[in-house]
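J.: Going by the numbering used here, the final residue of the sequence shown carries number 123, and the count climbs one at a time with no gaps.
Please note: incorrect hints may appear among the correct ones.
[Unchecked claim] Using 20 angstroms as the maximum straight-line C-alpha spacing, the simulated EDC-like pairs for lysine to aspartate or glutamate come out as follows:
#	residue 1	residue 2
1	K62	E99
2	K52	D111
3	K62	E109
4	K73	D118
5	K52	E109
6	K62	D118
[Unchecked claim] Estimated spans, in silico, between C-beta atoms of each pair:
#	residue 1	residue 2	range
7	G92	T67	21 to 27 angstroms
8	A94	I119	34 to 40 angstroms
9	S102	I57	33 to 39 angstroms
10	Q53	A88	47 to 53 angstroms
11	M81	D50	45 to 51 angstroms
12	Q91	L68	22 to 28 angstroms
13	Q97	D118	27 to 33 angstroms
14	E104	R56	17 to 23 angstroms
15	N101	D54	27 to 33 angstroms
Simulated from the structure, these hints should not be mistaken for laboratory data. Positions of the beta carbon are idealized from the N, C-alpha and C atoms, including for glycine.
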Amino acid sequence: MKKTVIGLTVSVVVIGVIFLVVRFKPKGPVTVQSPVPVGRSTLKEKQPIDAKQDTRIFLEYKRDHLTLQRNIKRAELANLMKDAPCGAKTQGMADLQDEINSIEQQMTEIDRQIHNIDIGNGD
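From just these sequences and the hints, can you work out the full model?
T.: So this is what it looks like as structure tokens:
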């Protein structure tokens, strides 16, 4: 008796599920929209980001990366100076200082490019 009731219950459930699937089957391609905006558009949903803004974001990222490199080189130079005899300057120190100067020149150029984007020249 229990097997018959369970069998009938399972049959009714299966038939009900099939009915629901057939009855409410979507009539075209199903698209799911994310409830949360994706990417950079989270702050300005209506305003698209143009090429100048993309370039500015890239340049700021590059400047931050160069700042990190410069700070690492400065720390290396400070360690070399700490370990060096009093007043002695080695070739390694000179090379590090040259690298730091080169990085700072690149950062200055990036700052100039960002400034030009901000005032509207673009280059």
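J.: The structure should be examined with respect to each hint, and the outcome stated for every one.
T.: Comparing the hints with the structure gives:
At most 20 angstroms may separate the alpha-carbon atoms for a hinted pair to count; K62 and E99 meet this at roughly 16 angstroms. Under the criterion of a C-alpha separation no larger than 20 angstroms, the hint pairing K52 with D111 is consistent with the structure, at around 14 angstroms. With a CA separation close to 11 angstroms, the supplied pair K62 and E109 stays within the 20 angstroms bound. Simply put, K73 and D118 have alpha-carbon atoms about 30 angstroms apart, too far for the 20 angstroms limit, and the pair is violated.
A distance of roughly 17 angstroms separates the Cα atoms of K52 and E109; the hinted pair therefore holds under the 20 angstroms criterion. The hinted pair formed by K62 and D118 meets the criterion: a straight-line CA distance of about 17 angstroms does not exceed 20 angstroms. Here the CB-CB span from G92 to T67 is close to 22 angstroms, well matched to the stated 21 to 27 angstroms. Range check, A94 to I119: Cβ separation about 38 angstroms, and the 34 to 40 angstroms hint holds.
Separation of S102 from I57 is about 24 angstroms and departs from the stated range, judged on CB atoms against 33 to 39 angstroms. Judged by the Cβ atoms, the range 47 to 53 angstroms given for Q53 and A88 holds: they are separated by roughly 49 angstroms. The hint said 45 to 51 angstroms for the Cβ distance between M81 and D50, and at roughly 46 angstroms that hint holds. Q91 and L68 have their C-beta atoms about 25 angstroms apart, which keeps the hinted 22 to 28 angstroms range intact.
Between Q97 and D118 the beta carbons are some 31 angstroms apart, a value that agrees with the proposed interval 27 to 33 angstroms. Checked against the hint of 17 to 23 angstroms, the C-beta distance between E104 and R56 comes to roughly 20 angstroms, which is consistent with it. Our hint of 27 to 33 angstroms for N101 and D54 holds, since their Cβ atoms are close to 30 angstroms apart.
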